[in-house]
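Visitor: Chains as they are written, first to last, in UniProt numbering: chain A, 1 to 343; chain B, 1 to 343; chain C, 1 to 343.
One or more hints might be untrue.
Just so you have them, the derived chain A footprint on chain C, three or more residues with Cβ under 8 Å [stated by the list, open to error]: (1) 176 to 182; (2) 247 to 257; (3) 266 to 278.
Cβ-to-Cβ under 7 Å is the rule here; a few derived chain B residues that face chain A [as the list claims (entries may be wrong)]: (4) 99; (5) 100; (6) 104; (7) 105; (8) 119; (9) 130; (10) 132; (11) 133; (12) 137; (13) 156; (14) 161; (15) 239; (16) 240; (17) 257; (18) 262; (19) 269.
Please keep in mind that the hints were generated in silico from the structure rather than gathered at the bench. Everything numeric in this text was worked out from a predicted model, so none of it was measured. Every residue gets a Cβ at the ideal spot worked out from N, C-alpha and C, and that includes glycine.
Okay, here's what each chain looks like letter by letter:
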Amino acid sequence: MDKRAPFPVSRRSMLAGAAVVAAAPVVVASATGSTASAVQGRVRRVTIYAEALPNNQFGYGLAPGEATIPGPLLEIYEGDTLEIELVNTTNQRLSIHPHGVNYDTASDGAPLNGSFNEPGQTRTYIWRTQTQYKASGGFYMPGSAGYWHYHDHAMGTSHGTAGVARGLYGGLIVRRRGDLLPDRQFTVVFNEMTINNKVAPDTPMFEARHGERVEFVCIGHGNLPHTFHLHAHRWADTRTGMLRGENDHANVVDNKNLDPGSSFGFQVLAGEAVGPGAWMYHCHVQSHSDTGMAGIFLVRNADGTMPAGAQEAIDRFHGHDHGGHAATEPAAATAPHTAHGGH
Amino acid sequence: MDKRAPFPVSRRSMLAGAAVVAAAPVVVASATGSTASAVQGRVRRVTIYAEALPNNQFGYGLAPGEATIPGPLLEIYEGDTLEIELVNTTNQRLSIHPHGVNYDTASDGAPLNGSFNEPGQTRTYIWRTQTQYKASGGFYMPGSAGYWHYHDHAMGTSHGTAGVARGLYGGLIVRRRGDLLPDRQFTVVFNEMTINNKVAPDTPMFEARHGERVEFVCIGHGNLPHTFHLHAHRWADTRTGMLRGENDHANVVDNKNLDPGSSFGFQVLAGEAVGPGAWMYHCHVQSHSDTGMAGIFLVRNADGTMPAGAQEAIDRFHGHDHGGHAATEPAAATAPHTAHGGH
Amino acid sequence: MDKRAPFPVSRRSMLAGAAVVAAAPVVVASATGSTASAVQGRVRRVTIYAEALPNNQFGYGLAPGEATIPGPLLEIYEGDTLEIELVNTTNQRLSIHPHGVNYDTASDGAPLNGSFNEPGQTRTYIWRTQTQYKASGGFYMPGSAGYWHYHDHAMGTSHGTAGVARGLYGGLIVRRRGDLLPDRQFTVVFNEMTINNKVAPDTPMFEARHGERVEFVCIGHGNLPHTFHLHAHRWADTRTGMLRGENDHANVVDNKNLDPGSSFGFQVLAGEAVGPGAWMYHCHVQSHSDTGMAGIFLVRNADGTMPAGAQEAIDRFHGHDHGGHAATEPAAATAPHTAHGGH
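Required output: the full structure, derived from the provided sequences and hints.
Guide: Structure follows, in structure tokens:
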């Protein structure tokens, strides 16, 4: 059990930081003290370290030696600007390229625009955001709010796809004022035949307590089509995963395409109307789940204890019974190595 | 012509049953007498038999010896509970796992939770549904209404994907009060390189009369990405396939991803503004349609007669001319073996 | 620089024609004089020539010898009828099959209905459109407005997929009255491992001036799943790519599935909030972009001059520096061979 990650943690104190890496310095948040009522247009600053990891993997982290796969979940409000000082501690050319936000060519992160860090180099990338605004004819041009992501765009070939394969990716949330804030957040990246560069049974076990508002940020990478399925929960196929009223007739889904470069997010109440337990999440492409693209969303009892049958389910998933593990407290539910990197 | 299937059949008398298996005992409906004005929260019960079929296939059915591929189309209202007594008549471990509805771990249908039928075993699965409800900030948590599906999650490997490949799947509709009810319903499952485990020209020919309100329930399974295309008809990419008003600007499509684990549905007026005829439906992935993922949606004249040219089209599709088949009545348009299993 | 294509061109004068083939006779538009205020229900007529092109390719064009890949971008208003006289100048059986619009079996374009042109034959196809209309219960049946496409459905095998592989495809826009009209339009077809049947660096370079309203029509074909990504711009996943008000919560994306048979479109303001420059567009399936499914969206300065760094980016993309190319005017930004066929 990772003592660094108190449970539960109040994520309202750390917007723009990453709840799932609560132990790490949440630089963005601590620099700005952002809250739901913060004025728009704040400039937030964060330093991100790109580092080599064992097994020829790479990761982004918020402090030296803290790199994870995925990298930290970044979060800002629509209207804010995020300045990222990217420190490249590796011997590879790399960058950070975001989806969904505004950036000029110098912050593109693509070799096409000469926008990357040479080995050992530090470079600043600036991401701006905008709110939607009225065009003519009753139409509005969309703002930046959404469940987005970022990734390397420069390692390896001229097209820069080697870094993604090796772990240089993470989630990026741009919220609109008034959006509901979750109790917990998990980043799920379907990358080639892995989840967060892991295969079962080493895939991340996401943990929450019964009734908590849990936010999933789902990202696709690699060369293959995938579909993300979560057992016993569902969400609307909208910007927030929720609906806007009785007559809203957006699609409601529990299985959604998660193909390379795409991302989406949603919030569920953990175990709502279904109870606590060990719930599967997996790619629904059959051969993908069969060969390891599956994991567990563990919904604990409201008091943090393990629900009946859950440990047995976890043991089945691991293919063995490692006994005497009836923890009454979540084992580092929100720590990076659990939430992002497996166990 | 299958005398068991009168044409047309009033499906309003059998909500929660499956119009496409009109001949079979519609247990759910007959047990509840559900109608569009029924109160919410009814508990509906149905017995489903999982059976071995020829050629190493398996199917679900509503009575012994009546298993089909796909299984019966189940239909309930949001707020209802469906109790399924699953009788496993086979020598394989299997289960029934639903999408979109609420269930506790005992009804999960996944080996992870020890939720399955051993060979010969009978087990009850309980599926509950909920209506959307208001959260804070103007957001609503989504309800269960949608075009969903169910499938085995326990046969074969520990991940339970062998049953899906062999035919253990079907459609599940959860309606909201006020939803429009169709005259006919068809379940289309893109499963690996087949449609309903058949390849052309043995794929199902779906039949309706000109102007009838026809509901398609489309489900994806297997290992491959697919796109469902229907000629000469289109639908909105919403929960119902329809729009909500003049200013509704949801996407309107006639081709949609139908990837493993996903499902959607829609209603069209058969032949509206295009006339009766033999209309193709097919996977738009070219090599998939070339090798057999194509079929015919036969829109008959309003009086049930064959429209000019349609029989010739059907004969072309079959690669031969079997002549003198100018039926004036649909040949078992809604019978299981036509709607689901070929022709 | 192609003198046939003045820059900029007022596309309002040529609705139903194709801005990207401004040099060609815009038959549909010139026959009808369509404007945004035109009454509904006009019958528009166009002659399209299917022609053999070098390298075993085929194309559609609006005049003899003018065939391009993709074919002309056709555009009509909801309510209009489009009569297409298709002249088959080739020695192959072929047709023109549309998505999204209404047609009877004689205009289906599919061999199933005997609807195609024999070699050398001329045949008329009629595409009708409809506005949405009210059904019961507050539901509306969708109209024809959308970003659609057309393609051959008869060359080669009985299923007619050879023509698509060789270039017989194009975009089709059905607008609703009141829709915003763009300054420029580009058709992007992800066809197997190509973009518009080209691979990088020969993929089309789409050019616009800073601030212009640019419309992309994106179409998928072939056997593979793709995702379309555009750098530094985003759009709403709606019929128009825009939103309808402050509370509209449709998904906003910058990466979207573009799988066989699917299409979508959107409008962006070129370089809005990010500035002019050479912006990448590419398939986000990594191996696809690595092997050539990438191109450049060149946003010039508002006065048409090349922005700082853009030529260097273009040169990097081409893998060489062909120097002295600092054009102050776009090089045939809207000409067919630039917009559709490479550079």
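Visitor: All hints are to be evaluated individually against the structure, with a verdict given for each.
Guide: Here is what the structure says about each hint:
no.: 1; hint: 176 to 182; in the structure: holds (count 3)
no.: 2; hint: 247 to 257; in the structure: holds (count 11)
no.: 3; hint: 266 to 278; in the structure: holds (count 7)
no.: 4; hint: 99; in the structure: 5 Å, holds
no.: 5; hint: 100; in the structure: 6 Å, holds
no.: 6; hint: 104; in the structure: 5 Å, holds
no.: 7; hint: 105; in the structure: 4 Å, holds
no.: 8; hint: 119; in the structure: 19 Å, violated
no.: 9; hint: 130; in the structure: 6 Å, holds
no.: 10; hint: 132; in the structure: 6 Å, holds
no.: 11; hint: 133; in the structure: 10 Å, violated
no.: 12; hint: 137; in the structure: 5 Å, holds
no.: 13; hint: 156; in the structure: 9 Å, violated
no.: 14; hint: 161; in the structure: 4 Å, holds
no.: 15; hint: 239; in the structure: 5 Å, holds
no.: 16; hint: 240; in the structure: 6 Å, holds
no.: 17; hint: 257; in the structure: 6 Å, holds
no.: 18; hint: 262; in the structure: 5 Å, holds
no.: 19; hint: 269; in the structure: 19 Å, violated
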